[in-house]
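Listed here are the chains, written in short residue letters.
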Amino acid sequence: MIAPVTIGLIIFYFYPFFRVIRDSFHNIGSFDRDLGFVGIDNYSAMFKDQEMWQALGNTFKYVVIIVPMSLLFALLIAVLLNAKVKGLSVFRVIYFLPAITMSVAVSMVWRWIFNGDYGVLNGILNALGMSPHLWLSDKSTALFCICTVSIWTNVGYYMIILLAGIQGISKGYYEAAEIDGATGFQKFFKITLPLLTPTIFYVVIMLVISTFQIFGEIYMMIDQKAVAMKYTQSIVMHFYRSAFSYSKKGYASAVAVLLFVIIMTLTVFQMKMQKKWVNYE
Amino acid sequence: MKTKKIKASRILTYAVLIGGVLIAVFPFIWMILTSFKTNAEALSIPPTIFPEKINWEGYKHVFTGLPFVKIYLNTIISAVIIVTAQLVFCAMSGYAYARINFPFKNILFTATLAVLMVPGTFFILPQYRIINRLGLLNTIPALFLPNLFSAMGTFLLRQFFLSLPQELEDAAYIDGCNRGKAFLKIMLPLVKPGLVSLGILTFRFAWNDLMWPMVVNTSTEKMTLAPALSYLQGQYVTDFPGVMAGALMAVIPLIIIFAVFQKQFIEGVAHTGIKG
Numbered sequence: 004m005i006a007p008v009t010i011g012l013i014i015f016y017f018y019p020f021f022r023v024i025r026d027s028f029h030n031i032g033s034f035d036r037d038l039g040f041v042g043i044d045n046y047s048a049m050f051k052d053q054e055m056w057q058a059l060g061n062t063f064k065y066v067v068i069i070v071p072m073s074l075l076f077a078l079l080i081a082v083l084l085n086a087k088v089k090g091l092s093v094f095r096v097i098y099f100l101p102a103i104t105m106s107v108a109v110s111m112v113w114r115w116i117f118n119g120d121y122g123v124l125n126g127i128l129n130a131l132g133m134s135p136h137l138w139l140s141d142k143s144t145a146l147f148c149i150c151t152v153s154i155w156t157n158v159g160y161y162m163i164i165l166l167a168g169i170q171g172i173s174k175g176y177y178e179a180a181e182i183d184g185a186t187g188f189q190k191f192f193k194i195t196l197p198l199l200t201p202t203i204f205y206v207v208i209m210l211v212i213s214t215f216q217i218f219g220e221i222y223m224m225i226d227q228k229a230v231a232m233k234y235t236q237s238i239v240m241h242f243y244r245s246a247f248s249y250s251k252k253g254y255a256s257a258v259a260v261l262l263f264v265i266i267m268t269l270t271v272f273q274m275k276m277q278k279k280w281v282n283y284e
Numbered sequence: 027m028k029t030k031k032i033k034a035s036r037i038l039t040y041a042v043l044i045g046g047v048l049i050a051v052f053p054f055i056w057m058i059l060t061s062f063k064t065n066a067e068a069l070s071i072p073p074t075i076f077p078e079k080i081n082w083e084g085y086k087h088v089f090t091g092l093p094f095v096k097i098y099l100n101t102i103i104s105a106v107i108i109v110t111a112q113l114v115f116c117a118m119s120g121y122a123y124a125r126i127n128f129p130f131k132n133i134l135f136t137a138t139l140a141v142l143m144v145p146g147t148f149f150i151l152p153q154y155r156i157i158n159r160l161g162l163l164n165t166i167p168a169l170f171l172p173n174l175f176s177a178m179g180t181f182l183l184r185q186f187f188l189s190l191p192q193e194l195e196d197a198a199y200i201d202g203c204n205r206g207k208a209f210l211k212i213m214l215p216l217v218k219p220g221l222v223s224l225g226i227l228t229f230r231f232a233w234n235d236l237m238w239p240m241v242v243n244t245s246t247e248k249m250t251l252a253p254a255l256s257y258l259q260g261q262y263v264t265d266f267p268g269v270m271a272g273a274l275m276a277v278i279p280l281i282i283i284f285a286v287f288q289k290q291f292i293e294g295v296a297h298t299g300i301k302g
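So the sequences go chain by chain: A and B.
4 is the number of the first residue of the first sequence in the numbering used here; add one for each residue after it.
27 is the number of the first residue of the second sequence in the numbering used here; add one for each residue after it.
Bound conformation, chain A alone:
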């Protein structure tokens, strides 16, 4: 019964896994021609590559901005929705909408909203008497535009998970707290938040992994030849361009290995750290 999945995994996942590692030590020419073993050349080229360091730095910026902001907004909405609001199911559906929509399509609309000449954002700013801004071509704002889109996509999805976690907390705790005269804030910080930490932990892990691989939003919102590309491209974007725009597949394999090692390290680090803040009942 495990044959189909196992055979499929071997062909399309296990074999590629080792193949990428092997290829990262080879010079792979155009049309996938293997030009022989080159030792650690791809790695030393990668570590000398300014563009790779910039991409890595950008990626860490994405993680540092997108993960906490997505978590914060998702938590805020989840807590508010848990407070016996009317029309809960309508709110849930609307908030979830961005999460199911194709990020490519969503990025196109946002690109249009942020457009420096005709975009509605500048239109609004103009009406308010503020000066317009070239959001996506200015290297200092482009990255934040992409963060906005990513956070906008994430909030609804993780809100659903957090809300399910909050609803899983036993009512008994709150009843006991009310008898003792606890305020809403006390209940949130002393009961909800500590008991929600396993769910928050899961959400943070997922957010870090997915944000580290941010690609579609950048691909759709920034032109490959634009100056802003250098200041917004993520490590996956750098991988994609090396592999498919410049056809440096040996080098790209080295980038893939680096990506894997970093995500692995971050995840293991978070697993180790969870003892310090995650409560399991």
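Treat the hints with care, as some may be off.
[Claimed, not checked] These stretches of chain A come out as covered by chain B in the derived footprint (C-beta under 8 Å, 3 or more residues):
| id | stretch |
| --- | --- |
| 1 | 93 to 100 |
| 2 | 130 to 140 |
| 3 | 163 to 176 |
| 4 | 214 to 227 |
| 5 | 248 to 257 |
| 6 | 268 to 282 |
[As the list claims (entries may be wrong)] Straight line, CA to CA, 30 Å or less: simulated DSBU-like cross-link-like pairs of lysine-lysine:
| id | chain 1 | residue 1 | chain 2 | residue 2 |
| --- | --- | --- | --- | --- |
| 7 | B | K218 | A | K174 |
| 8 | A | K193 | B | K30 |
| 9 | B | K30 | A | K87 |
| 10 | B | K289 | A | K87 |
| 11 | A | K190 | A | K174 |
| 12 | A | K190 | A | K89 |
| 13 | B | K211 | A | K190 |
| 14 | A | K193 | A | K174 |
| 15 | A | K251 | A | K228 |
| 16 | A | K64 | A | K275 |
| 17 | B | K289 | A | K174 |
| 18 | B | K33 | A | K193 |
| 19 | A | K174 | B | K33 |
| 20 | A | K142 | A | K251 |
| 21 | A | K89 | B | K33 |
| 22 | B | K211 | B | K96 |
No lab work stands behind these hints, which were simulated from the structure alone.
Since the structure is predicted, the reported quantities are computational estimates derived from the model, not experimental observations.
All residues carry an ideal CB built from backbone N, CA and C; glycine is no exception.
Knowing the structure of chain A, use the given hints to seat chain B on it.
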């Protein structure tokens, strides 16, 4: 005093929630409004909110610029095949890992879990090469082949099978069921929530995926919607109504499916989050 405070906090709650809703829906509304504008309207400064009259130019441009019907079909075919295959294969392997003992089970299961830990991008170069060697670039099978097999799905369904009591299956054997019958008639119906979650998450992934279909199929005849939109944006740089019309048509089927199955969608996400 106390009721006043409660009332104020209620108002604040709704204000924040409704503010959030506006931010969540605004891009969709802007997409719809722009798609019906003429290009001159879309490029007017300051921007107008409503189109003067419903204008279908943008939609026409999508169909003349791309074989859009074909692209729709490619996306549907590929997504349906991926979902069906994953449900069948992962139900089998998930059940086997949960309930059957066989040689090398632990090693194989650990290896399956290991795939989960690796980012999807990691596998793309060799996967591309395999598809290339098989002569399948720019074909429909290229779109779905590597995605028929899922470590995540296997793990998810295994968790669902594990949560069922063993006695249930034993009772079926006493009643004369063989393993196949017990699996199909007793166990499978009981993990329906798991199957629905996996199906929905997989469909969402298959419908929206960008990098893989973009890399293997560069011919517009064999594209799926996400790369087609990127192509459209590249071709129609300043035709904003056209680009928005394409984007809207690409997202509408999934939104309709979502509207119909919203309960399952939301529970599916909540489930997978809790099951981890």
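Here is how each hint holds up against the structure:
no.: 1; hint: 93 to 100; in the structure: holds (count 7)
no.: 2; hint: 130 to 140; in the structure: violated (count 1)
no.: 3; hint: 163 to 176; in the structure: holds (count 6)
no.: 4; hint: 214 to 227; in the structure: holds (count 6)
no.: 5; hint: 248 to 257; in the structure: holds (count 3)
no.: 6; hint: 268 to 282; in the structure: violated (count 1)
no.: 7; hint: B:K218 to A:K174; in the structure: 28 Å, holds
no.: 8; hint: A:K193 to B:K30; in the structure: 25 Å, holds
no.: 9; hint: B:K30 to A:K87; in the structure: 18 Å, holds
no.: 10; hint: B:K289 to A:K87; in the structure: 18 Å, holds
no.: 11; hint: A:K190 to A:K174; in the structure: 12 Å, holds
no.: 12; hint: A:K190 to A:K89; in the structure: 22 Å, holds
no.: 13; hint: B:K211 to A:K190; in the structure: 46 Å, violated
no.: 14; hint: A:K193 to A:K174; in the structure: 14 Å, holds
no.: 15; hint: A:K251 to A:K228; in the structure: 18 Å, holds
no.: 16; hint: A:K64 to A:K275; in the structure: 23 Å, holds
no.: 17; hint: B:K289 to A:K174; in the structure: 24 Å, holds
no.: 18; hint: B:K33 to A:K193; in the structure: 24 Å, holds
no.: 19; hint: A:K174 to B:K33; in the structure: 23 Å, holds
no.: 20; hint: A:K142 to A:K251; in the structure: 26 Å, holds
no.: 21; hint: A:K89 to B:K33; in the structure: 14 Å, holds
no.: 22; hint: B:K211 to B:K96; in the structure: 38 Å, violated
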